[in-house]
Amino acid sequence: MSTSIGVWIAAFLTLGIMSFLYKDNPIYKFCEAVFVGVSAGYWFVVEFFNVFLPKVYDNVGIAVNVLLVQGRVDWFHWSYLLGGILGVLMLLRLVPKIGWISRWPLAVVVGTTAGLWLINYLVSNAMRQIQSTIIPLYVAGDLNATIGSIILVVGTFCGLIYFFFSKEHKGAFGGAAKIGIWFIMITFGASFGYTVMSRMSLLIARMDFLVGTWLGLIR
Amino acid sequence: MKFFDRLLAIDRRIIFLFVIIAVTLPLFSKATLHIEVSPMVKAVYDAVDNLPPGSKVLVSFDYDPASAPELQPMALSFFRHCFSKDLKVVIIGLWPQGPVQANIALEDVFRDPEIKAKNLKYGVDYVNLGYMAGNEVVIQSMGSNIHTTFPADYTGNRTSELPLMKGIKNFDNIDFIYNLSAGYPGTMEWVQFAVDRFQAKLGAGNTAVQAPGMYPYIPEQLVGVLGGMKGGAEYEIIAKRPARAVSYMLSQGVSHAVIIFFIIIGNLAFFVTRGKKKTS
Amino acid sequence: MRKTLPFALVTGVGFFMLVQYFIPREEFEIVYEWSLDWIIVIGCFAMLLGLWSLTMASVHKVQRKTPGWGYSIITLAGLFFMLFVGLYPGQASLVRGSIFMLLFEYIYIPIQATMFSLLAFYIASAAYRAFRARTVLATILLLSAVIIMLRLIPLGPLSAINQWLANFILTVPNMAAKRAFWIGVGLGATATALKIMLGIERTYMGRD
Amino acid sequence: MKKIKSILFSFFLLLFLFNLSFPQESSDPRPPTEIKAFDTPNDNGHAITVIWKLSADDGKVKNNVVAYEILRSDSPEGEFEIRGMVPVGENLFEDKGAKEKKDKNYFPSHKNFYYKVRAKADKTFSESEVSKPAFAYGQWYHTGKTTVLAGVIVFSVFALAFINLAKKGKELYIRPLAGIEAVDEAIGRATEMGKPILYILGLGSAEMIATIASFTILSRVAKKTAEYQTPILVPCYDAVVMAVAQETVRAAYLEAGRPDFYKEENIFFVTSMQFAYVAGVNGIMLREKPATNFYLGKFYAESLILAETGSVAGSIQISGTDEIAQIPFFIAATDYTLIGEELYAASAYLGKEPVLLGTLKAQDWGKAVVIISLILGALAASFGFQFFLNLFRVQL
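Protein chains in written order, with our numbering: chain A, 1 to 219; chain B, 1 to 280; chain C, 1 to 208; chain D, 1 to 396.
If we strip away everything but chain A, and leave its shape as in the complex, we get:
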């Protein structure tokens, strides 16, 4: 059995969370409450050191320094202050009367990401996928590959037909859409099956921690 206090605490928390599987209970709620507090604190501290300090504090510090020492306005570094001000405006959400000001930073965020995403989605989701689907249907001397690439192109085609909104799924069109949704279901099934292994890995590691690291029952 382990003699480390850390391991004992970890084991207690592990069992506490697992007890939820039987039913909701005070020990689970205790662990959950600890988790909510600790994780909020953890991420805030990480964000403070990894984002706030290098991006805002350091840059504005340089700008102030340049102003005081050289008497020159360093626009580049001052601009980070503007980012910080937008961030502060976001907090005005908490003041009911002037809460609407927080729409400005929201607008900047939404506008920027919309512009970025328009391009990103069009390029990497649509165009790149088209590019990789344009393949020769016939591969000389390789029947397997030929069948594979034909199915690939037909599957993509039918899948796209399924996502058509303008036409009812009837007749030949409906047939193609049906094949499309079959392909989609195969994908979802496969993804489900694959995920089982991932999730089991996590559980195995946890159980190994409990019976091995903590109780020392294995090896």
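No lab work stands behind these hints, which were simulated from the structure alone. Warning: the hint list may mix true and false statements.
Here are the computed distance ranges between Cβ atoms for each label pair [what the hints assert, rightly or not]:
1. D:E90 to C:L137: 46 to 56 Å
2. D:S73 to C:F84: 52 to 62 Å
3. B:R111 to A:K178: 49 to 59 Å
4. B:T155 to C:I99: 18 to 28 Å
5. D:Q386 to A:T146: 13 to 23 Å
6. D:P87 to B:N135: 25 to 35 Å
7. D:G89 to B:R111: 43 to 53 Å
8. D:S73 to A:F76: 29 to 39 Å
9. B:P219 to C:L5: 47 to 57 Å
10. B:I104 to C:I99: 17 to 27 Å
11. B:T155 to D:E94: 28 to 38 Å
12. D:E255 to C:A77: 39 to 49 Å
13. C:V19 to D:P87: 31 to 41 Å
To be clear about the criterion: a stretch of chain A counts as covered by chain C if any three or more of its residues have a C-beta under 8 Å from a C-beta of chain C, and this derived list gives those stretches [what the hints assert, rightly or not]:
14. 20-33
15. 77-88
16. 113-123
17. 179-186
18. 199-206
Each residue gets a CB set at the ideal place from its N, CA and C atoms; glycine is no exception.
Given chain A, work out where chains B, C and D should sit, using these hints.
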């Protein structure tokens, strides 16, 4: 057949109980599951095995503790393989927790007497350059100069003063890149930036969820991929050093069998009860 | 000021981001890099907003003595202890071995990992409940999942066939459907982004 | 016989000696030729590209070239410094630097530079002539991105045209979608049962496409719940999302003429921690037993826990996300699932506003273009034409 009706409305906790038994019991067993080695894993193994001694290998740790059960065994067996073949290892991380995971793996590998006997030196045989924020931009900038991308290593030593790094400027001086990835940034970015732009040679280990997404890149852009715990186990099998992943595979097999068993039972009950409803 | 300016901002900033993609000049590059940094900074402050909401929600529960208010005290205690240990001046919090990281390692990681591992149980019960061959579609979903899961179970001579089948599923139909999905999502997201930039889609801003 | 032997011997000896001296005498590889330097196209103006013709001893004849070194100077006679090295067989080098003046590797724009290329052998090397001067400058348009520009323009034209058409009152047909038709039924059911509706916006932040789509659907759903006077609960993961959701729902109640019925405390912040959030929402499901659960937006691993708990609580569940890895779990555990693009389309379905329907039509036309290019492209590729493929090849 009331039995089947009750089976259909079975309490979830009974299924939970079966799962926990299926996972835990095999941990006590010394038996191992027969594991078929897939060509994708073999390809990665061969790529490393064929490197001449002294070759430089870059390993990027792009995961955090949440995915460690799947990826940590891959890191271990890869390090073991590299060190036993006298390859030089450069470690980086695009995830903040990655280099920490690398250090944990190194500690474990050095416990192995065979590796310990080699008396490997930090800075000469391996280095850990730590985490760098910036995702794919980091890869891009490593393509021109690793020293400016990572000015200092994990513990703050200047990169340019590490003997191993003196001969490494960019991807041209790296013979093989191995990427352990649990999402973004990860293998996709390494393919798009290190391989597509700088013609690096890349192998990868991925979580089971992510691995199928990499298949289209094999073999041109990606040598091969280890998918989840099974991929890790296969690597251990070819390396003839069965370790953690292999020992866990029995639990995997039994728990999968339990799930499939429940699916079959569920369908059986479903058809029996439905058949009865139709006749009555 | 309340309505017009935000939408003008959205359109202006959005079109700049769109246009800069096609212009490689460094002036545009610099502004582009700034705006990405700004977004990160704004997100950092939004986190403060979340922290505040969490604190206030917990304080309210304690004040009103709503059922389970004791747990809110535990949450607050955990939160402020973490903040104190992490932000206490003159020490490196994010280095392995610090008190902050020890708390992370022995409290945060085990709980998070266990929460994640609960998914193993839920995935089993979902498979049992939902994977019934009711319709053609359900049957396809079920079969494809079972074929992939069977890869982990030794089946003797059948293993080779199953291995081939699993590989085929992953490389052919899987790829085909994913591509169709991605192309659809790509066009849909492009359309939504366009609607946002043109000011057609404006629910997200709230209404007065 | 002996003579022949000695002749042969001296012949071999000569050959041997000759051979020994041969590599030393002419070990210099022949230099690269036709060196050209020019501004790197489509960049920010801090790089020059150098090309040359390979040394005659690269891979053939003496075959002793091991690499090329590229040297730069700011005058043809001045001192040249090494800027980089490429392996044998390559005849292109991009001399690229940073745009910041402070950077060690700063590369000035609008300044003339001269280049030469060195073919390196084992110990020796030979140099090409000095190139004509070249300077770096930034471009106003990236020619490699024309396909994307065309795509953006075509798509925008489609969208604007259809919005216009719809505004003029043209009936635009869209096929029925099961998940959408279930929305009304689900709200009706909640009213009959006298139980609330639970609406989850997912884990996305306010600017994500999926979240924005979900806001619009929330607005329609809230309007209907206001009409039916069924309470709607919206537990939020993100503080900004919560604020927006409050305004959205308030506006919907106002629109339905029931502002008195709006309760702000029903749209509340839980926490921004994935599993803690799940635990909180699970508690609500088990306590309140909502008649209907909506999960629309960005979802990750928590999707399954939410949907499983909801189904145990006996609620009707409608889900939708663009996160492909989570859709299988929604399909398995909820009653209706909007798959990817269907989530974005849902707002148009529920609102039937001309502008929204117009963009939906544009999406369909976009798909039609994709399908046609796919078929033509695959056929062209089968017959060995690369034209179509090159059309979609985008430079970054």
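**Item:** Hints violated by the structure (numbers, ascending)
**Value:** none
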